[in-house]
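We have chain V; now place chain H onto it with these hints.
Residue numbers (this note's numbering), protein chains in the order written: chain V, 1 to 269; chain H, 1 to 269.
Calculated directly from the structure, the hints in this document are not laboratory data.
Each hint should be verified, as a subset may be incorrect.
Which copy is meant is left open, because identical chains are indistinguishable; a pair holds if it fits in one copy or across any two.
What the hints assert, rightly or not - List of simulated lysine to aspartate or glutamate pairs, EDC-like, C-alpha gap at most 20 angstroms:
(1) 265 <-> 172
(2) 206 <-> 36
(3) 206 <-> 39
(4) 265 <-> 126
(5) 129 <-> 48
(6) 52 <-> 264
(7) 84 <-> 194
(8) 129 <-> 147
(9) 23 <-> 209
(10) 120 <-> 147
(11) 129 <-> 264
(12) 206 <-> 172
(13) 265 <-> 177
There are 2 protein chains.
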Amino acid sequence: MTRTYGITGVASGIGAALAQVLKAQGNRVVGYDLLETYENVDHFVPLDLADKASIRSAAMATPWMLDGLCNNAGLPPVADQAAKILQVNFTGTRGFTQAMMPHLNAGASLVNMASRAGHKWHNNLDQIKRLAGLQQLEQIARFVDDEAIDPTRAYNLSKEAVLLWTLSMTEEMVHRDIRVNSLSPGGIATGILDDFKKAFGMQMAKNVERAGRVGTPEEVAKIAAFVLSPDSHWLKGADISIDGGMGAFNMTDALGLAVMLGPDKGGTA
Amino acid sequence: MTRTYGITGVASGIGAALAQVLKAQGNRVVGYDLLETYENVDHFVPLDLADKASIRSAAMATPWMLDGLCNNAGLPPVADQAAKILQVNFTGTRGFTQAMMPHLNAGASLVNMASRAGHKWHNNLDQIKRLAGLQQLEQIARFVDDEAIDPTRAYNLSKEAVLLWTLSMTEEMVHRDIRVNSLSPGGIATGILDDFKKAFGMQMAKNVERAGRVGTPEEVAKIAAFVLSPDSHWLKGADISIDGGMGAFNMTDALGLAVMLGPDKGGTA
Numbered sequence: 001m002t003r004t005y006g007i008t009g010v011a012s013g014i015g016a017a018l019a020q021v022l023k024a025q026g027n028r029v030v031g032y033d034l035l036e037t038y039e040n041v042d043h044f045v046p047l048d049l050a051d052k053a054s055i056r057s058a059a060m061a062t063p064w065m066l067d068g069l070c071n072n073a074g075l076p077p078v079a080d081q082a083a084k085i086l087q088v089n090f091t092g093t094r095g096f097t098q099a100m101m102p103h104l105n106a107g108a109s110l111v112n113m114a115s116r117a118g119h120k121w122h123n124n125l126d127q128i129k130r131l132a133g134l135q136q137l138e139q140i141a142r143f144v145d146d147e148a149i150d151p152t153r154a155y156n157l158s159k160e161a162v163l164l165w166t167l168s169m170t171e172e173m174v175h176r177d178i179r180v181n182s183l184s185p186g187g188i189a190t191g192i193l194d195d196f197k198k199a200f201g202m203q204m205a206k207n208v209e210r211a212g213r214v215g216t217p218e219e220v221a222k223i224a225a226f227v228l229s230p231d232s233h234w235l236k237g238a239d240i241s242i243d244g245g246m247g248a249f250n251m252t253d254a255l256g257l258a259v260m261l262g263p264d265k266g267g268t269a
Numbered sequence: 001m002t003r004t005y006g007i008t009g010v011a012s013g014i015g016a017a018l019a020q021v022l023k024a025q026g027n028r029v030v031g032y033d034l035l036e037t038y039e040n041v042d043h044f045v046p047l048d049l050a051d052k053a054s055i056r057s058a059a060m061a062t063p064w065m066l067d068g069l070c071n072n073a074g075l076p077p078v079a080d081q082a083a084k085i086l087q088v089n090f091t092g093t094r095g096f097t098q099a100m101m102p103h104l105n106a107g108a109s110l111v112n113m114a115s116r117a118g119h120k121w122h123n124n125l126d127q128i129k130r131l132a133g134l135q136q137l138e139q140i141a142r143f144v145d146d147e148a149i150d151p152t153r154a155y156n157l158s159k160e161a162v163l164l165w166t167l168s169m170t171e172e173m174v175h176r177d178i179r180v181n182s183l184s185p186g187g188i189a190t191g192i193l194d195d196f197k198k199a200f201g202m203q204m205a206k207n208v209e210r211a212g213r214v215g216t217p218e219e220v221a222k223i224a225a226f227v228l229s230p231d232s233h234w235l236k237g238a239d240i241s242i243d244g245g246m247g248a249f250n251m252t253d254a255l256g257l258a259v260m261l262g263p264d265k266g267g268t269a
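Just chain V, same shape as in the assembly (with noise of 0.2 angstroms):
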C-alpha cells in the first residue's frame, strides 16, 4: 500500500535525505520548502514559514490527503535573525501544522523536529508560555527585544517550544486519530552545522569527540521515517533522541552516575 507523507525543508539536510528515505520504501512525497526541489519529491509546494500567507496556501496546495507530516523545516541560530527563528522554528510550525489538519488521514503520524538544544525546557517554563501566547512576527520581535534574546537563545527557545508543543497537542491529536511525537537529533553533518558550531563552541566539540563523529542526515531520517510509519503507531508524545550518544555522556557526568556500572567495574569502567 502506498502511503504520502509531506516533509518541509525537504530542499536539504535531515528533510532530503528523509525524502530518499521514504521514497526508497516505496511511499509519495509531497515537499515543502522555499527552495524549490523535485528530488525524491512527488509533488513540491512552496512554503514559507515566516509569512502567514505563503502557510495558508501551501495547506491549501497540498494535492493528496497525507499519512504522516515532518515538520523538519528550521533556521539555525545565525546572527540577526532571533525573532525570525523563533517564528519558522515554533510559530509558523505550528500555525502550519493547524492548517494542514484537514489535509491528514485517519491514523497519520506528525514528527516535530526538536533538538537537543531544547532539553533544558524546564529552565525556562515561563518564557516558553510567553513565546507560545504569540503569533505575528511582529509580537515576536518585541518580545525578542524585551527579553534580549540572541540567536542561541532564540534557537534554544524555539526546539524548547516545539518539544512542549508536542506533548501538550498528544491528547488532542489522539482524538483526532492522529499521533505526534519529537525527534531531538544532536550534532548532525548538514549544510548548518557551521552554525552550530559557532553557536555551541567547545561544548558540541567535546560531545562529537566522544561520540568518535558527527551523525549523518540519513541516520535521521530512517528514524524519522520509522516514526512515520505504522509500525510504530503507540508511540505517541514521545521524544526520542538522535545524538549518538551525547546526551547521555553529558547526564553521567553531571549526575556522577559511574556508580551504576556496579561495584566491581569500581566505577571507573
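Here is chain H on its own, set in the frame of chain V:
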C-alpha cells in the same frame, strides 16, 4: 543477511511478541527464560536472573554470537517480593549483560526494558546509587528492610536504576562498538497487567482511559525490533516512552502546557 538476537523473558508478554516479530523479519532468536519455550525461538537457554550461577551458565550456553540483546525479563510489583524484584529487574540483568559481553558482535544493539514507572528517578538519585553498589541478594534484602521498600517502590526503583544504568554504560559501549538504549512502556496488556493495576490503581486507570486503551505487547515489540536493528544505529543512550500518550497527558497537566497550543486555541483545545 540473517541476524541473531537474544531475548530474556522470552516465554511470555513483550518477550514472546518480540520473538515473533524478529522471526517474521527473518532473524534468528536465542530465547532466555525460567520457563522453557521453543515458540519463535531457534535455541532456548534456561535463565534465572535471581541466581548468579544460572546467569553465568546462561551466558556460556549462548550458542551463537548475537547482533543484539533485549533485556526484557522482569518481575511486576507483587507482594513479598521487593528484594527479588530489585535483583531480577536490575542487579541480575546488569550481571547478565556483563557476562554476555563476549557473546556480542561488533555493532550489536542492547535494548533494556525500563518502564514509565521509572521516570521519576530525579527524586530518588541517592537511593538508586545505593542500590547500584549492591551485588548479592542478601545485601539487597537488607537494603529493602533498612529503607522500608515495598514491592511497588521496589518495582519503580528497579526501573529507575535500569534507566540510569543505561545512560552510565553508553560511553563504554561506544568504545566497544556496541550501543545501548532503553524502552519505557506504560500500561501494556500482558499477563502481569493486573499486578500493575493493583500497584498503581486509579492513576493507571485514568491514563488508560485517556489513551483509549492499553497498549499491546506487539506494539512494544515492533519498536524494540527497530531499536535492535541496524536502521536505528545512531540511537545511543536514548530512552523511548511507549505509552500511547500517557506520559504526555500527565506532563501537560502537571506543567499547564495547554497554552502551548496558541492564543487562537484559547488553551482549551
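* So which of those numbered hints doesn't the model satisfy? -> Those not satisfied are hints 2, 3, 5, 9.
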